[in-house]
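There are 2 protein chains.
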Amino acid sequence: MGCFDEVCYNGELENGVSLFGCSEVEDEANTVAIEDAVKILLLGLGEDINREGLRKTPHRVAKALREGTRGYRQKVKDIVEGALFPEAGIDNNKIGHAGGAGGLVIVRDIDLYSYCESCLLPFQVKCHVGYVPSGQRVVGLSKLSRVAEVFAKRLQEPQRLADEVCSALQQGIQPAGVAVVLQCTHIHFPDIETIFLESSLKGGAKIHVSSGSGVFENKNADVWADFFYLIKSRGIDMENIHAQGLPDQCWCPSLSTKVSSKTGSINPAMVTAVFSILKSLGEDSVRKELAGTPNRFVKWLLNFQSIDMDVKLNGSVCGGIKPLNAAGEVVNNDKQIYTELNLPFWSQCEHHILPFHGVVHIGYFLSEGFSPIGKSLLQSIVHFYGFKLQVQERLTKQIAETISPLLGGNVIVVVEASHTCMISRGIEKFGSSTATIAVLGCFSTDIASRILFLQSIANATSSGG
Amino acid sequence: MGCFDEVCYNGELENGVSLFGCSEVEDEANTVAIEDAVKILLLGLGEDINREGLRKTPHRVAKALREGTRGYRQKVKDIVEGALFPEAGIDNNKIGHAGGAGGLVIVRDIDLYSYCESCLLPFQVKCHVGYVPSGQRVVGLSKLSRVAEVFAKRLQEPQRLADEVCSALQQGIQPAGVAVVLQCTHIHFPDIETIFLESSLKGGAKIHVSSGSGVFENKNADVWADFFYLIKSRGIDMENIHAQGLPDQCWCPSLSTKVSSKTGSINPAMVTAVFSILKSLGEDSVRKELAGTPNRFVKWLLNFQSIDMDVKLNGSVCGGIKPLNAAGEVVNNDKQIYTELNLPFWSQCEHHILPFHGVVHIGYFLSEGFSPIGKSLLQSIVHFYGFKLQVQERLTKQIAETISPLLGGNVIVVVEASHTCMISRGIEKFGSSTATIAVLGCFSTDIASRILFLQSIANATSSGG
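Here the protein sequences come in this chain order: A and B.
Counting in full-length UniProt numbering, the first sequence runs from 1 upward without gaps.
Counting in full-length UniProt numbering, the second sequence runs from 1 upward without gaps.
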């Protein structure tokens, strides 16, 4: 977004969202309120809010949240005004539809990010918007995307997002009809108490929703068939669209998570802090969909609280070590690299209090007298270091340093991750991912071994592993 | 980008780019200068600058160009300042590299758009940036992307872009080394005079470049091997990286296009207008790389000049029509749909003076007494209507209306396009594409026929056709 989209308005906002002023003073006050709330959350996690990595976190979070919900301060009218162009339809003496009268127009694959109103985590949206022009006029194509962005940049739920985009475009450009199809993906909601039981959390929760107005109001209208065929290669069709009216429970994983025994003891100051954030973003904090949001967000956050994991972990790791050269163990010292690839992890970026998640690849040589480490112990170590306020570089180092003494010191760890903060914040780099390496012992000097290991990751990736 | 990136500075800019002030007054003056220049270009194309579709084009172009070159007004120092975090390396008693001392960090697949300094058209960049931390500190990951963005938002050439990002990061965060690999794609440079001779212009011109500093300065350093293995799935390796020092001619298609006979007669007012745009963007318009740019840009633009194509076309089309029921012609009226899919086209968006290009799919029924139209004539019709200042909706309609009377009136046309204006402007929706339909005669009412045709497009797409 350019600063062209960052205009503040003093008028009222459409779609029933209550107005909050956007004067510099109010803006500043809202930002400070969010910063204060974030400090309370960090304290609730047992963090030292003055340590260097966290010192500016409240400011960064406030900035990111304000930016990520800038849709509350934007008006559709200002976007579409002046963007309607006269465009002839088919000659009167011919039968048919085209141009500014009847020819379907679709903008496909618009990448958006929105915030889930149930848990405050961002969710990803692939948006397809179409309309049928009428009145001999068409709208500038980028406006469809800009209007979708206005509603994505609010606390949302997929069906409501689709409906709001649809109705705003219908009102704003008054065409024969508007169609919106969204493919939404929500990060899974792992829980440190249950993660070791879950079979697979890959890929996130997915839902397809649609909304139609005018000629698209009837789900069985022929024009929907045209629409679906033109987005067909994306694996969407009328059959796998979520039916309107199904309860939200199908969507946000936090809503289907069983209430943990912990919930009762959630720090009320943290819950109040999240309510204060909602208010400062311009949300109606008594809206019923938001009633449980602070609790759910705090519960998610508490997965990452600062407890002395290292102590816990050392106990568990010590239990896992096999004694030196025990009977029946094969000791490998002929330079065989042991690898464990694609161990999933979840973590929370300490700079933005936003999730980052991905996979960890571990390789090692066994020194004489050591035994291989089982996959489940490696996965536990990964989870232990993941469930913290973290940075990826530190996570990588901690995993390597923890494993190293158990094997004799020759370890390589690669972490590949998607950072929500790279995507949902201003910079919005959707496809980007981050790789970090830690090399210990001979891996730091032996390029041939490193290459062998990195090649095995590349092979696993290309085979879809 | 949020407005956080839109800060204007009064200090000097790094990397030798001369400063231009960014006070509101100067900003306004530069914008007006660009608007005036765009008006001259439109007049040079034979356009009526007061027609509704073009009335705001000078303003939109000025806004887009200023935004697309905002990197001239940004400083790397302001981006990385305060974004360096202390992060421990490996314990002194251990051998290895990790965290804030030696562990390679790569952010991969950063989507960028830049403007080609040789022809002023935007080019697409997939950027991979890595660095090796030193001094027990790491930089916030999004800063790598933000710094790359600063240099992408200038008039560029791939190798220079890579070098500037690399050296700015090396100076800004002072790590052990920085590596930058760019995969760049430049739109082909079709020429209305030669397009009918070209066998294929699909996919654009591509180049891979790299730049390294510190530990990456030596192309044969082991750390480059680590880097390349971690971006391996993108089809890049050390062998297919463009060697530094090769002439630009390999890159921008405009540089290898033969000088057309027309070049001598290029409207000097248009060339002067482009020089004025370069100056208003803050560029050093006497920089030698820019010397031929105005000529090349005007030459490209003149492909889209408003001439009475319709007259030309009618001549050509009439010649192509076979007489009613000629001997040897098979007349099909048993509802067989004739299809011609994936005819490439190039056009120029009249709202932004930026290319849009893609494919046209044509389907029709033959009425009795008409003969099928050959692919080359359909392709000619597509090119004729493409090479104009256009909007996709009108292009779709014009193709349908031109073909319709040649076949008896039952025609369907689908245009699928990527719009540079959707990508290189503020909204920056990289993967998006636009589909438009025109339906004439029975296709406007017969959904089964429409579906049959749309299904054939979907099949051709999924089989990579």
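Since the hints were made in silico from the structure, they are not lab data.
Predicted, not measured: the structure shown is a model, and the values here were computed from it.
Please note: incorrect hints may appear among the correct ones.
With a cut-off of at most 30 Å between alpha-carbon atoms, the simulated BS3-like pairs for lysine-lysine come out as follows [to be verified]:
| id | chain 1 | residue 1 | chain 2 | residue 2 |
| --- | --- | --- | --- | --- |
| 1 | A | K219 | A | K375 |
| 2 | A | K335 | B | K232 |
| 3 | B | K335 | A | K219 |
| 4 | B | K232 | A | K206 |
| 5 | B | K75 | A | K77 |
| 6 | A | K56 | B | K63 |
| 7 | A | K94 | B | K375 |
A quick look at each hint next to the structure:
no.: 1; hint: A/K219 x A/K375; verdict: 49 Å, violated
no.: 2; hint: A/K335 x B/K232; verdict: 25 Å, holds
no.: 3; hint: B/K335 x A/K219; verdict: 28 Å, holds
no.: 4; hint: B/K232 x A/K206; verdict: 29 Å, holds
no.: 5; hint: B/K75 x A/K77; verdict: 34 Å, violated
no.: 6; hint: A/K56 x B/K63; verdict: 33 Å, violated
no.: 7; hint: A/K94 x B/K375; verdict: 25 Å, holds
The structure fails to meet hints 1, 5 and 6 from the earlier list, while all remaining hints are met.
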